[in-house]
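For the record, the sequence lines run as chains A and B. Taking the numbering used here, the leading residue of the first sequence gets 34, the next gets one more, and so forth. Taking the numbering used here, the leading residue of the second sequence gets -14, the next gets one more, and so forth.
Misleading hints may appear alongside valid ones.
As the list claims (entries may be wrong) - Simulated pairs of lysine-lysine, DSS-like, Cα-Cα distance not exceeding 25 Å:
(1) K71(A) to K4(B)
(2) K79(A) to K37(A)
(3) K(-10)(B) to K72(A)
(4) K79(A) to K184(A)
(5) K72(A) to K183(A)
(6) K72(A) to K191(A)
Please keep in mind that the hints were generated in silico from the structure rather than gathered at the bench.
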Amino acid sequence: MEWKQRHVLDLDTWKREELHYILEQTSSMDELLDRPIKKVPALRGKLVVNLFFEPSTRTRVSFELAEKFLSADVVNWSASGSSIGKGETLRDTAWTLEAMGADAVVIRHGAVGAADYLARKLKKSVVFNGGDGAHSHPTQALLDLYTAWKKIGSLERKKIVMIGDVLHSRVARSDIIGFSKMGSRVVLSGPPTLMPRSVDALGATYDPDPRSAVKGADIIYLLRIQRERQDEGMFPSLDEYHQIFGANESLLKLAGADTIVMHPGPVNRGVEIASNVADGSQSMILGQVRSGVALRMALLFVCLGGVRQ
Amino acid sequence: MLKDKARVMTAQDIERILKRMSHEILERNRGLENMIIVGIQRRGVYLANRLGDILAHFESTRVPSGVLDITLYRDDLTLLHDQPVVHSTSIPEDVNSRKILLVDDVLYTGRTVRAALDALMDLGRPESVQLAVLVDRGHRELPIHPDYIGKTIPTSKSEVIEVRLNELDGKDEVVICEREEG
């Protein structure tokens, strides 16, 4: 297959065969994580800069691990303690990175379109979107697709129910696009105050009652509830949210014994998910973390590996 | 475009050659003790399986066999054509202190074998590594020499040796091809 994506910014331009190709490649990388020596020389001599304007644990650490396992040189640049904190514009930062010879930049930014902007400013480097505002988080969606695909096989005609704050979630948007492209049916649930206005434009349907939504679900995907949404009056209290929308054992029973439970982390135990469900046998949460490293290795190798003409 | 120029091995030739190589392997190693056969993805894997079958027939013991993917170790990846595909590596047993018989279809520059040796060393410390190839076509760029050679075929650099195997290509043969413009 010919790989046409230069950057990884959003999944909306991806074809299903491209998604599939990345899943297959991730599977080969996954196997590498079991080896005694996980380091391979595939990206020797490549410089990758991780540029994080927002706090992040999973995304930042798994990108860094993936880069290191592929033998790239890694520079971590965070907003605090650098020129970004001194008020440098993103454009100047971009040019600085390119002048330093960065082959790739991973960017996490609070503003929608930041990764896209960087990609337009950089002539040589490849840009990986590590999350931009409430817009897109493509690597999270890809690792979720991989985790589900590895566990339940083909995602065609599967039902995924996402419960929670869809409105503010870049993870939800990217996952809806990704799962839909793989042929899955996406059903959203959660308080109507936390739903985007046009759910169907995303290719999903909305069911306000999670107890009916999860019937026949192959995957229950829980979105993180940010505590400040309560202060904004989006829902009355965290307790009440948990009572109505939280994933507990009785909700899981309504779905079925083979339903898998996913969550992008970090988990709010006792809010969107009960502790015994998060730690239970149907939970894929730690599997998602491992997939995150393998998936990012696959993407880095596909976009940076070899000699480009 | 590649155009077939001459067929240098038939299915029967390949079978005879693999049998002869199996005898050489047994003779050199005085049996199969402590050995693991490792095929390099992709055609080396099928040749390794066939050698394993023949050896099992001769000695009535089966040597463990594994597959090695070297895509991540290559130094000559160019993305002019298709995207490189990383296949899986799976070696069923610990390689530490074992005799490894590395199998590939064609030995050319030696860069694949160099990459395979690196990949193997990352999995452990074998007692020794031997190399078996179906075709040695010359033009080495590295100091690498095979222990077992199916056939030495002198070629020019503009030619391509195609090893076709039943498992992948529907028939067994080795053909010299020439690159054509267009």
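*asked:* So if I understand the rule, the pair passes when the alpha-carbon distance is 25 Å or less; does K79(A) with K37(A) pass?
replied: holds (20 Å)
*Is it true that the CA of K(-10)(B) sits at most 25 Å from the CA of K72(A)?*
violated (42 Å)
_Does K183(A) sit within 25 Å of K72(A), going by the straight-line distance between their CA atoms?_
holds (23 Å)
*Keeping to a limit of 25 Å between CA atoms, is the pair of K79(A) and K184(A) held or broken?*
Between K79(A) and K184(A) the Cα gap is close to 33 Å, so the pair fails against 25 Å, i.e. violated.
*Take the C-alpha atoms of K71(A) and K4(B), compute the straight-line distance between them, and say whether it is at most 25 Å.*
Status violated; Cα separation ~37 Å.
*Keeping to a limit of 25 Å between CA atoms, is the pair of K72(A) and K191(A) held or broken?*
violated (35 Å)
Violated hints, in rising order: 1, 3, 4 and 6; the structure is consistent with all others.
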